[in-house]
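Student: Sequence:
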Amino acid sequence: MEAQKLMKRKRNNTVEVSFEEDPTISEFNFQGPFLASFHGIPPPQDVEFNTYQSSNGRKLMIAGENSEVIFASKEYEADQVSEYMIAIYDKTTNIVTFRPAPVIDIAPIPKRLKLESNETKIQDNFLVAKTALDKEFGSKKMRSKILSRERGKIDASQVQEVEKIVSNIEETIKAIPTEEDIKVINEENRPIPPYNINAVKVADVYKLDDIVSPIEFEAIPVQQILRAKTNSKRLELLPFKSNFINDRLLPSLGTKEVNKKRIKILLYINYLMAFRSAREHLNERGVMLEKLKNPPDIILKSLYERYTETSFLKTGGRQRSKMTSKCEDKLLCYMFVLCLMLEVFRVDPEKLIEDLTITAKKAFSIFRTLGCKVEGASKQERESIGLNASQARHMKRAVLTIPLVFPEPSKKRFNKQK
1 MEAQKLMKRK RNNTVEVSFE EDPTISEFNF QGPFLASFHG IPPPQDVEFN TYQSSNGRKL
61 MIAGENSEVI FASKEYEADQ VSEYMIAIYD KTTNIVTFRP APVIDIAPIP KRLKLESNET
121 KIQDNFLVAK TALDKEFGSK KMRSKILSRE RGKIDASQVQ EVEKIVSNIE ETIKAIPTEE
181 DIKVINEENR PIPPYNINAV KVADVYKLDD IVSPIEFEAI PVQQILRAKT NSKRLELLPF
241 KSNFINDRLL PSLGTKEVNK KRIKILLYIN YLMAFRSARE HLNERGVMLE KLKNPPDIIL
301 KSLYERYTET SFLKTGGRQR SKMTSKCEDK LLCYMFVLCL MLEVFRVDPE KLIEDLTITA
361 KKAFSIFRTL GCKVEGASKQ ERESIGLNAS QARHMKRAVL TIPLVFPEPS KKRFNKQK
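Numbering (the working numbering), first residue to last: 1 to 418.
Treat the hints with care, as some may be off.
PhoX-like mimics (lysine-lysine), calculated; alpha carbons at most 20 Å apart, straight line [to be verified]:
#1 LYS362 - LYS351
#2 LYS229 - LYS293
#3 LYS207 - LYS260
#4 LYS373 - LYS361
#5 LYS362 - LYS330
Just so you know, these hints were derived from the structure itself, not from any lab.
Sequences are here, hints too, so could you generate the full structure?
Tutor: Right, dumping it as structure tokens:
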């Protein structure tokens, strides 16, 4: 990817930004920068890493060592695709230079294993040479003793192989994360908003500001909805057709004192639905604006930042956005928290399931990820729609409860990420 320079200058309290191609920077540089992946085993601070280039200039590897361990990568092709860019800021010139950076996998190799291997080879070579000399030039008694010893001895190479296997297993066991490590990893990988594990009220578990920033919330165009004269006009302003939203928005607009906060939350949920629905057009900003009915810039920008991953094309350096499955799970988690806030933390997900075209299993899995329990309909809920307990046995509700309890991830899922 051709690197670019980002230049900033202040004039009259404004910032001008310009892009300039730097022909001195090639697509791939053996001096870096690189992004290193150590598979959960960070290197000690005293390890200094260097890059090594093959004689033909086509491959490289990265290695570093201290007194106890060697860290080394496999060989990488110089023309591999760089999925990431690193920004390097020069304070003296006020220039930010973007450089392509490949991800390099680096594995630890204990020096003890290498030293033992070398010592074993030296000993084996000496014994083989001595035995060969004794067989050729030794006395009849010596040759007889060698033959007798060879018939009765165990193959040393096999014993050494077993010892190596056991040693490698022991080293691998040391590298396996503990239950506490797994807990921390799972906490970091949960696609949910920040939460208060010590909350004494359900309303204090999640904060609205952690899902929709105050500046976004202020920008939600609620006045357009309020000014519309008819329900059909109001629904036309929504970017996504949703029965879940309609069933709550129209009654909320029909009250004497309209709760603007509630209306804004409903509109933001609708933006999330539309953004997810239009994910195939993420790299067509014009289409996205149209699909979301021209939302404020700050809202569209925040949706991209929060619910997509960015990569750069090798040719031309163009930026591309993608909603990965993890990003989609995060979007649904944030959306469902807003739904819980609207419904006093007890949600009937039936309409959500229809609107989002997901399975009931998927919907309840996300609610459980947020710390919800799945319960049947209450007596009051059954009576409101004229059903008895038997008739309403299929009705399920997602209920946020405290103390907050999250589901334990399956071991199979963790091993998959290994």
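Student: Take a quick look at whether LYS362 and LYS330 sit within 20 Å of each other, Cα to Cα.
Tutor: Within the cut-off at roughly 13 Å; holds.
Student: So if I understand the rule, the pair passes when the alpha-carbon distance is 20 Å or less; does LYS362 with LYS351 pass?
Tutor: 14 Å, holds
Student: Please verify whether LYS229 and LYS293 have alpha carbons no more than 20 Å apart.
Tutor: 19 Å, holds
Student: Given the hinted pair LYS207 and LYS260, is their alpha-carbon gap at most 20 Å?
Tutor: The hint holds at about 18 Å.
Student: Check whether the Cα positions of LYS373 and LYS361 lie no farther apart than 20 Å.
Tutor: 13 Å, holds
This entry satisfies every hint, going by the numbered hints stated previously.
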